[in-house]
Amino acid sequence: ETGVTQTPRHLVMGMTNKKSLKCEQHLGHNAMYWYKQSAKKPLELMFVYSLEERVENNSVPSRFSPECPNSSHLFLHLHTLQPEDSALYLCASSQLTGGTEAFFGQGTRLTVV
Amino acid sequence: AQKVTQAQTEISVVEKEDVTLDCVYETRDTTYYLFWYKQPPSGELVFLIRRNSFDEQNEISGRYSWNFQKSTSSFNFTITASQVVDSAVYFCALNSRNTGGFKTIFGAGTRLFVKA
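Chains as they are written, first to last, in the numbering used here: chain Z, 581 to 693; chain L, 18 to 133.
Since the hints were derived computationally from the structure, they do not count as laboratory data. Treat the numbers as computed from the prediction; the structure is a model and nothing was measured. Every residue gets a Cβ at the ideal spot worked out from N, C-alpha and C, and that includes glycine. Relax, there's no trap hidden among the hints.
Derived DSS-like pairs: lysine-lysine, alpha-carbon spacing no greater than 30 angstroms straight-line:
| id | chain 1 | residue 1 | chain 2 | residue 2 |
| --- | --- | --- | --- | --- |
| 1 | Z | 620 | Z | 602 |
| 2 | L | 20 | Z | 621 |
| 3 | Z | 621 | Z | 598 |
| 4 | L | 55 | L | 87 |
| 5 | L | 120 | Z | 599 |
| 6 | Z | 602 | L | 120 |
| 7 | Z | 620 | L | 132 |
Far from chain Z, by Cβ distances over 10 angstroms, these chain L residues were calculated:
| id | residue |
| --- | --- |
| 8 | 31 |
| 9 | 39 |
| 10 | 76 |
| 11 | 77 |
| 12 | 84 |
| 13 | 96 |
| 14 | 98 |
| 15 | 102 |
Build out the structure end to end from the sequences listed, making use of the hints.
This is the structure in structure tokens:
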């Protein structure tokens with residue numbers, strides 16, 4: 581496999597459920613990101629991991645909990661979400677050098693009911 | 018403050034027309050990077066080009082060309098002889114040299130429809 585792979589592609593969950601999104605990259609990158617893409621809103625950077633350490637947390641509610649067990653894998657654990665959390669969640673990776681382009685997965689389309 | 022503005026929300030053209038997507042950015046940093054990404058219906062953002070702030074040369078890649086002008090803080094993207102497969106959302110993005118993180122700021126995107 582190559583590139584950035586996200587699973588699942590689609591997820592419907594109730595507000596009381598707990599679920600996790602998974603991201604895997606096979607590019608040898610050492611930085612990984614979670615973005616949220618809502619309808620009619622710019623891409624929002626949620627979390628950044630650099631060398632498996634979280635370096636950015638953009639005021640994201642605690643019902644979103646990221647985990648980066650190694651440089652190839654990134655998870656986003658979801659708990660007690662709200663309907664407004666429904667969005668496309670995109671994972672990306674890049675090399676640590678500033679200004680390098682990011683490579684994105686196809687995203688997980690999340691619907692909270 | 019950093020900001021990327023893509024004023025065109027949607028553009029619709031007929032195949033073979035040329036189309037320019039506008040991007041205006043704001044940053045106080047002297048070293049920064051600009052990007053264009055394409056998001057087809059499948060969802061993933063596909064990297065198209067990167068420019069650093071010290072390189073104002075325009076670039077052409079096949080039917081794609083980019084015009085970077087620091088004087089107007091713009092980084093416009095032109096598709097020549099558009100094709101239906103060009104239909105997608107296009108994002109302009111800015112990454113500046115700041116400490117403590119690797120922030121890439123995205124514009125709101127321009128949705129391009131190319132009709133056959």
